[in-house]
Amino acid sequence: MSMEIIRPDTNIDFIGKWKICVGISLAVIGISLLAIPVRGIRLGLDFAGGHEIQVKFTEKLPDDEGVVRKIVSDLGVTEPTVVRFGEADSAEFLIRFRGQDGQQGQVADQLKVELERGIGPVELERVGFVGPRVGAELQSAGLKAIGISCLLILIYIGFRFSPRFAPGAVVALIHDIVITSGVFVILGYEFDLTVLAALLAILGYSLNDTIIVYDRIRENMALHTKHDLADVLNRSVNQTLSRTLLTSGTTMLAVLALLVAGGPIIRPFALAMVIGIVVGTYSSIYIASPTLLVLERRWGVRATTSAKGSRPARA
Amino acid sequence: MSLRLRAGLVIGLVLFFAYLAVANLFSSEARKEYWFLPANGLRLGLDLQGGIHWVLGADLKVAYEHELDHMKGQLGEQLGEEKITPASMSVKDDRIVAELASEADASRLAKLAGDTRAVRVVVQTGTRVELELTPQWRKDVAQKGLQQVLEVLRRRIDDPVHGVQDSVVTPQGADRVMVQIPGGKADREAARNLLTVGGFLEFKIVEEQAPTEELLRAKYPQGIPEDKKIVFEKDKTTKRVLEALLVSKAPAITGDYLDDARVGFDRQQRPIVTFTFNPEGGKIFQALTEKSVGRRLAVVVDNDVASAPVIRERIGARGQIDGRFTSQDAANLAIVLRSGSLSIPVPIEEERSVGPALGADSIRSGLNASILGLFFVGAFAVIYYRLSGVYATIALVANLLLIIGIMSAFRATLTLPGIAGLVLTVGMAIDANVIIFERIREELRSGRQIKAAISTGFSKAWITILDANVTTLISGLVLFQYGTGPIKGFAVTLCIGLITSVFTAMVVTRLCFDLYPGERRVQQLSI
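Each protein sequence line maps, in turn, to chains S and D.
This note's numbering applies: residue 1 is where the first sequence begins, and numbers increase by one.
This note's numbering applies: residue 1 is where the second sequence begins, and numbers increase by one.
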């Protein structure tokens, strides 16, 4: 027989526990929203602007970060931070600071000269500088990208699903983005362009599983018109459960490979994807269908029983 | 279509792109030399091959101010022709502000301004007129300004002697220029000087001199005359002021009249810059030096004095600047003078430079992640779906070859986030196969024959697969539109990968099933 993670006759009562799941999700969303003002969103170089310079000492190593920090501070830059990159005896340091008026784009070279005078030969491995105007523009472009992406996906959902199904998909979408960002804020990671790219990828990808479940619900609704809605939803989620878990699982494997072997620059991206995939899978199982149930019970039934619904012309 | 023909077409297509993809492993020299290798391939982003990436922002405010200055001059002349002398006329806060003797004069100026397409009246109260550039003219000025900046920067970078080879200068948006210098070996400081220096050369007769600004000012108890200004000669490295000179604001002659500038050496073998004026400039220069023998001539580059020698005799079209240069400085100044001046300052607004060693590290870790990802996903597929899993893995490899092949054909740029997109695509591409296989399993469970189950599985999964990829594709396209640099690279691999993954799942995996079991009667499907 084939190998199966979920037996075909599995019947877990997902819908029965919808109040608990929605409660958990609402709580996590609340914590996520609270975390933003409490912990503060840490913006990375792309959005906040400033300098980020990775240097590698090729001969003599400085004793500790303090020695490097002293030299950086003496350049007259604001809020410098210096961290050793990698292991404790690593020759690489990451130096970050805010801009310095009038010398934009030259500081890296001055820094190299001073570090060589104070410590020893040094190589500039990476020089990142984002001026205030560029940072502000990247911020607004980033927000625009998320907004437009959401809008286009909503339009697609509108075309793809009947008005009954669309709100559930939208709720799942918002759920995923808010929680993923929230976890990112709570863990203290920085938002930069690669994380934005990950958020957008999650936006598109987390809908996949929801679409699979909803397609099955629609199919089953047509087949079993007499059954209770909760029953149909449960059956549908169970039938698609192995598919949902498998597709998320394989993508997770690839993303884990990125997290493990992709190097430090890619790590924040991979981490955001890991969180997003977990949250997205959870939401398509536990959130998307209950939302449908609640909406149907609230408004769906009334619309079908009363001919004077919100759109009488169609009823 | 017969199975044989279909198999031939699909295998041929995949092999063709595999050939384009694999050709990237050869060096560009080898690709040019051997006829059987494609000449062009994938480009590596600067984050992978190392190099300097700068975005220079053109300060258009300066261009607008120049234009207003020019218009002020033109309108002033026109007023002069009509014997109207304005009480005052100056450029301030993006406007020409004029105070005239009478209301009639003010109306006349407003009329003259309205006749030009360049400026329009903003305020006209009594004898006061304020003018600004019309939006259309502003746009033209900006466009011309950026065009000039691009031309000058290209000339500097392409300079056959001291330029930076293989570098690219491209406009970005309305007021920015992106400069990419690949390789990571270029001297940053030299490159920055070459690109961001204005190169505005002026010659001015020295009126008065002193070792410091204070001492110079002390010579003018009533303050320095309105049409004069103080310029400094500074030490090249320490920026310490060596001498303060009083010169007139208006230059006697500028670098606009130059024909050529080169590096030379004086008798002590110190580097100097020699220059040649064009015929018109030669005449002006000759007249200037003739009447100023014995006085000092300040050579001012971007408002700093390069040198201020005493004029010993009349100088013709040729001259030299001896500014205590290093040979690098002299070479830079020569290029800058030759390529024309940048009338608009272009400070560095963004930098993303990567050293070659870090770039190589990134390629290595990207490659590792890709191999690991392929291994994880492939191993899972084979363990879980057995023979069908092998099919899925074949489709996965075909997918990777297609993506890289297509990117090579279009000379797309592969960046580090692009590699991340590639690995992510591996994970998403298998999804399509999973959806198909799960459907086939379901069909088999409901009692269908193997052949029918395969065929229904594919056709029922088709819509779901399409749906699942459309939403991610939407996000990818938006990211392509709004992303810059490396992030755009991610969007490119993601979008191409999503499309090819649908193709490989529906066509390549399907072909595998058609080849085996195909028409054969098998007891059990390995799925």
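Since the hints were derived computationally from the structure, they do not count as laboratory data.
Incorrect hints may have been included.
List of simulated lysine-lysine pairs, DSS-like, C-alpha gap at most 30 Å [unchecked claim]: (1) D:K111 with S:K112; (2) D:K61 with D:K283; (3) D:K219 with D:K61; (4) D:K236 with D:K219; (5) S:K60 with S:K70; (6) D:K92 with D:K291; (7) D:K229 with D:K61; (8) D:K239 with S:K144; (9) D:K236 with S:K56; (10) D:K291 with D:K234; (11) S:K60 with D:K185; (12) S:K226 with S:K19; (13) S:K56 with D:K460; (14) D:K460 with S:K226; (15) S:K112 with D:K234; (16) D:K32 with D:K61; (17) D:K236 with S:K70; (18) S:K144 with D:K139; (19) D:K32 with D:K185; (20) S:K70 with D:K291; (21) D:K144 with S:K56; (22) D:K185 with S:K112; (23) S:K112 with D:K236; (24) S:K144 with S:K17; (25) S:K70 with S:K112; (26) S:K70 with D:K239; (27) D:K291 with D:K228; (28) D:K228 with D:K139; (29) D:K249 with D:K72; (30) D:K111 with D:K185; (31) D:K185 with D:K228.
Looking from chain S toward chain D, a few residues come up when the C-beta cut is under 8 Å (computed) [claimed, not checked]: (32) S73; (33) I119; (34) G120; (35) P121; (36) E123; (37) L154; (38) L200; (39) Y205; (40) N208.
Think of the CB as a built atom: it goes at the ideal place given N, C-alpha and C, for glycine as much as any other residue.
Comparing the hints with the structure gives:
1. D:K111 with S:K112: violated, 58 Å
2. D:K61 with D:K283: Cα-Cα ~34 Å, so violated.
3. D:K219 with D:K61: violated, 36 Å
4. D:K236 with D:K219: At roughly 27 Å apart (the allowed maximum being 30 Å), K219 of chain D and K236 of chain D satisfy the hint.
5. S:K60 with S:K70: With a Cα-Cα distance of about 17 Å, the restraint between K60 of chain S and K70 of chain S holds, given a limit of 30 Å.
6. D:K92 with D:K291: violated, 36 Å
7. D:K229 with D:K61: holds, 23 Å
8. D:K239 with S:K144: Violated, at about 45 Å.
9. D:K236 with S:K56: holds, 29 Å
10. D:K291 with D:K234: With a Cα-Cα distance of about 28 Å, the restraint between K291 of chain D and K234 of chain D holds, given a limit of 30 Å.
11. S:K60 with D:K185: With Cα atoms ~22 Å apart, K60 of chain S and K185 of chain D stay inside 30 Å; holds.
12. S:K226 with S:K19: Satisfied, since the Cα-Cα distance of roughly 24 Å is no more than 30 Å.
13. S:K56 with D:K460: Between K56 of chain S and K460 of chain D the Cα gap is close to 56 Å, so the pair fails against 30 Å, i.e. violated.
14. D:K460 with S:K226: holds, 25 Å
15. S:K112 with D:K234: holds, 23 Å
16. D:K32 with D:K61: Distance of about 47 Å is beyond 30 Å: violated.
17. D:K236 with S:K70: The given pair, whose Cα atoms are some 27 Å apart, holds under the 30 Å limit.
18. S:K144 with D:K139: Answer holds: K144 of chain S to K139 of chain D is near 25 Å, not above 30 Å.
19. D:K32 with D:K185: holds, 24 Å
20. S:K70 with D:K291: Distance of about 57 Å is beyond 30 Å: violated.
21. D:K144 with S:K56: Status violated; Cα separation ~43 Å.
22. D:K185 with S:K112: Holds, at about 15 Å.
23. S:K112 with D:K236: holds, 19 Å
24. S:K144 with S:K17: The hint is violated at about 37 Å.
25. S:K70 with S:K112: Holds - the C-alpha atoms of K112 of chain S and K70 of chain S are around 14 Å apart, at most 30 Å.
26. S:K70 with D:K239: holds, 24 Å
27. D:K291 with D:K228: holds, 19 Å
28. D:K228 with D:K139: Cα-Cα ~34 Å, so violated.
29. D:K249 with D:K72: Holds, because 17 Å separates the two Cα atoms, which is no more than 30 Å.
30. D:K111 with D:K185: Violated, at about 58 Å.
31. D:K185 with D:K228: Roughly 44 Å separates the two Cα atoms, so the pair is violated.
32. S73: violated, 21 Å
33. I119: At 18 Å from the nearest chain D Cβ, I119 of chain S fails the 8 Å test, so the hint is violated.
34. G120: violated, 17 Å
35. P121: violated, 13 Å
36. E123: With a closest approach of 6 Å, the E123 of chain S hint holds.
37. L154: violated, 10 Å
38. L200: holds, 4 Å
39. Y205: holds, 5 Å
40. N208: holds, 4 Å
In terms of the numbered hints stated before, the structure departs from hints 1, 2, 3, 6, 8, 13, 16, 20, 21, 24, 28, 30, 31, 32, 33, 34, 35, 37, listed from lowest to highest.
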